[in-house]
Amino acid sequence: MLNRRNFLTAAVGVAAAGGLAACAKEDSSSSSSSSGGGGSKTITLGFSQVGSESGWRSANTDSVKSAAKEAGYKLQFSDAQQKQENQISAIRSYIQQKVDVIAFSPVVVTGWDAILKEAKAAKIPVVLTDRSVESDESLFVTLVGSDFTDEGRRAAKILEKVLDKAGHKGKVKIAQLEGTTGAAPAIERAKGFKEVMDAEHKDDWEIVVSQTGDFTRAGGKQVMAAFLQSNPDINVLYAHNDDMGLGAIQAIEAAGKKPGKDILIVTVDGVKDGFIAMSEGKINAIVECNPLLGPQLMEVVKKVHEGETVERWIKTEESDFMQDQAKDALPTRKY
Amino acid sequence: MTTTSRWRALTHHHLFWPVAVLIALLLVNVPFTPDFFSIRMTDGHLYGSLVSIVLFGSPLILVAVGMTLVIATGGIDLSVGAVVAITGALTCSYISDQADQNALSGVFLALGIGLVAAVLCGLWNGFLVARMGIQPIIATLIIMVAGRGVAQLITDGQIITINSEPYKLIGGGYWLTLPFSIFVVAAVVAVTVALTRRTALGLLVESVGGNAEASRLVGIRSVRIKIMVYMFCALCAGIAGLMISSNTSAADGNNAGLWIELDAILAVVIGGTSLLGGRFSIGGTVIGALVIQTLTTTIYTIGVPTQTNLVFKAVVVIVVCLLQSPKFRAKVFGAKGRAGTSAPAPAAPAADAAPKMEVSR
Chain S
1 MLNRRNFLTA
11 AVGVAAAGGL
21 AACAKEDSSS
31 SSSSSGGGGS
41 KTITLGFSQV
51 GSESGWRSAN
61 TDSVKSAAKE
71 AGYKLQFSDA
81 QQKQENQISA
91 IRSYIQQKVD
101 VIAFSPVVVT
111 GWDAILKEAK
121 AAKIPVVLTD
131 RSVESDESLF
141 VTLVGSDFTD
151 EGRRAAKILE
161 KVLDKAGHKG
171 KVKIAQLEGT
181 TGAAPAIERA
191 KGFKEVMDAE
201 HKDDWEIVVS
211 QTGDFTRAGG
221 KQVMAAFLQS
231 NPDINVLYAH
241 NDDMGLGAIQ
251 AIEAAGKKPG
261 KDILIVTVDG
271 VKDGFIAMSE
281 GKINAIVECN
291 PLLGPQLMEV
301 VKKVHEGETV
311 ERWIKTEESD
321 FMQDQAKDAL
331 PTRKY
Chain X
1 MTTTSRWRAL
11 THHHLFWPVA
21 VLIALLLVNV
31 PFTPDFFSIR
41 MTDGHLYGSL
51 VSIVLFGSPL
61 ILVAVGMTLV
71 IATGGIDLSV
81 GAVVAITGAL
91 TCSYISDQAD
101 QNALSGVFLA
111 LGIGLVAAVL
121 CGLWNGFLVA
131 RMGIQPIIAT
141 LIIMVAGRGV
151 AQLITDGQII
161 TINSEPYKLI
171 GGGYWLTLPF
181 SIFVVAAVVA
191 VTVALTRRTA
201 LGLLVESVGG
211 NAEASRLVGI
221 RSVRIKIMVY
231 MFCALCAGIA
241 GLMISSNTSA
251 ADGNNAGLWI
261 ELDAILAVVI
271 GGTSLLGGRF
281 SIGGTVIGAL
291 VIQTLTTTIY
301 TIGVPTQTNL
311 VFKAVVVIVV
321 CLLQSPKFRA
331 KVFGAKGRAG
341 TSAPAPAAPA
351 ADAAPKMEVS
361 R
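Protein chains in written order, with the UniProt record's numbering: chain S, 1 to 335; chain X, 1 to 361.
For the record, the hints were derived by calculation from the structure and aren't laboratory data.
Some clues are possibly wrong.
Said to hold, decoys possible - Capping the alpha-carbon separation at 20 angstroms, the derived lysine to aspartate or glutamate pairs in DMTMM-like fashion look like this:
(1) K168/X with D147/S
(2) K258/S with D43/X
(3) K65/S with D97/X
(4) K334/S with D156/X
(5) K257/S with D35/X
(6) K261/S with D97/X
(7) K272/S with D35/X
(8) K257/S with D43/X
(9) K334/S with D97/X
(10) K120/S with D150/S
(11) K315/S with D147/S
Stated by the list, open to error - A short list of chain S residues far from chain X (calculated; beta carbon distances all over 12 angstroms):
(12) Q96
(13) K202
(14) K221
(15) D243
(16) G281
Quick caveat: nothing in here was measured; it's all calculated off a predicted structure.
Note that beta-carbon positions come from the ideal geometry of N, C-alpha and C, so glycine has one too.
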């Protein structure tokens, strides 16, 4: 979910290093394709993952695998290592194996029409996870994934609570650390936040500075250090992901201020390190962006397989966490 | 007449334009941040914009200094960003495996492991370039691309967070009220300058860059010199990698040192070192790196909208590079002053010269 800009580079690197250049690795639990057209037999799900570029992504993979096991489905899993051609060949092999449902996290948004038409011709429903594609709507059944704009809105809402709890009075001067310029999560998390702010807090809230921290800790730290120089009166920080927030915390401490007290901090994502910082009182609230969509995916797969209609976009179940929930939630954080 | 000739000597000094740009950039900040130059004590260390610029600029200065020598031999090293990532990843993952992350012995061993890995990368680059005769841009591209994958392999694709006070000192800590990284940079720069300017080493590097074959024929071991500069460059990148990971107490295989090779090359060029090789200026590179870091900080403090960040940066860099070009200066600010060997100061500046520049003549 985080910095997707470099995934390709990284993947090429991994491939070159391991000498695995073009082969998608299939770890199928069984090579059989006998479970043809379903019926009352166990459902076979073909799942093509983007790769394993971040902690968020590996948590996502683990969630899908364990949920499939729990639901008793037969999972055909393949890792595309950031390459579209690997994903297409994996999906094509699922079609040949006549799996019951195909699910995948598209590595890019375009170029899927041909393979999706093949799936449709074979009457195999396709479910997208995490990211969407630009293609004819009739070619896939639904998308299971997060709503970044809503995450922005939720961040603004939870900031209200944080301000209440801190007993904050007077003007709220917000510094915003944006994600990678042009990335969907960065654009939409800013949009959602601004929406709520403009609608409900036009007079008392103000985003005084906003810059990209590239979704990284180093970026967050450096940008926040400059913010604190140019706008020493900042009292709220909204970071588009935990990592930038964690970097900013260090910059705030270096400036002799107390993160979580002098400057209230709201971040998005909910990775483990973020929760650790929150349990130490340095982050005030975290809006979760949940990679653990396995159970939801399995439910959708079941419905789709049974021919029920499902919504076009099934949003991931996500929660918001305040400081007092941090300690309890921390042990459950898997990524 | 003497004042003008002194002025001419000053403006023709090879560091004049980089320093002028640096000062101009620093001054730009003042209207936006009135106390830009103020430095105060906070928690027992100095705090202020200037301190931040040096602190965050330290890794870039180191990488750029190493890059300067490589470029002086007519080469280029694109792998420094990946070396930064690998060093940080190895060191942090070693420290994170320790039972006591604050134990000095463990931290020193981790530093050693990281730096040895960095030097090995440099050895590989140098081997490919000098022994195998592969174009430097291609040879170093290998580690640039593959190295980041290796770094991610080491960190398992995760960001490794560590909690080690001694390690934190290198890139994020303070010593004698100053950021510790300043001392590291000062030491590396001092050693480099001493080795290249107090011994014949600098001359040898320049002669290899000027003409490797001719150097070999007069008895200079150009292959060995080349391998050495690539190893030195990687070592500098390794130290920068330690700083970057130590500054945030975390190793991020995916993002640490990303694109730093381009910033470093830019810093070298701004500093007046020719990409063709054959001559170099360490002082110029340090100024060049500070210019880039100041530019970055300026963008954050004056509130350039995110979407136009890169355009702003590009415009400044283009201006700096043009000012660096003697040809451009001669064309725009009057050809006479430049061309004459001992000609008197130009009496009539070109009519179309910018007013600001008339003053500086």
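Taking the hints in turn, this is what the structure says about them:
For the hint pairing K168/X with D147/S, the CA-to-CA distance comes to about 37 angstroms; that exceeds 20 angstroms, so the pair is violated. With a C-alpha separation of about 12 angstroms, the suggested pairing of K258/S with D43/X holds against the 20 angstroms cut-off. Among the hinted pairs, K65/S with D97/X is inconsistent with the structure: their alpha-carbon atoms are about 28 angstroms apart, more than 20 angstroms. Between K334/S and D156/X, the direct Cα distance comes to roughly 15 angstroms. Compliance with the 20 angstroms bound is thereby established for this hinted pair.
Taking the CA atoms of K257/S and D35/X, the gap is about 18 angstroms. The hint holds against a cut of 20 angstroms. Restraint check: the Cα-Cα separation between K261/S and D97/X comes to about 33 angstroms, which exceeds 20 angstroms; the hinted pair is violated. At most 20 angstroms may separate the alpha-carbon atoms for a hinted pair to count; K272/S and D35/X exceed this at roughly 38 angstroms. In summary, the hint linking K257/S to D43/X is supported, as the alpha carbons are separated by about 10 angstroms, within the 20 angstroms threshold.
Proposed proximity of K334/S and D97/X is supported: the alpha carbons are some 19 angstroms apart, at most 20 angstroms. At roughly 31 angstroms between alpha-carbon atoms, K120/S and D150/S are farther apart than 20 angstroms, so this suggested pair is violated. Between K315/S and D147/S the alpha-carbon distance is near 6 angstroms, which keeps this suggested pair within the 20 angstroms criterion. Against the 12 angstroms criterion, Q96/S stays outside the reach of chain X, whose nearest CB is about 31 angstroms from its own CB.
No Cβ of chain X comes within 12 angstroms of the Cβ of K202/S; the nearest lies about 20 angstroms off, and the non-interface call holds. Not every Cβ of chain X is farther than 12 angstroms from the Cβ of K221/S; the closest lies at roughly 6 angstroms, contradicting the non-interface assignment. For D243/S, the requirement that its beta carbon stay farther than 12 angstroms from each beta carbon of chain X is not met, with the minimum near 7 angstroms. Listed as a non-interface residue, G281/S keeps its Cβ farther than 12 angstroms from every Cβ of chain X; the least gap is roughly 16 angstroms.
Violated hints, in rising order: 1, 3, 6, 7, 10, 14, 15; the structure is consistent with all others.
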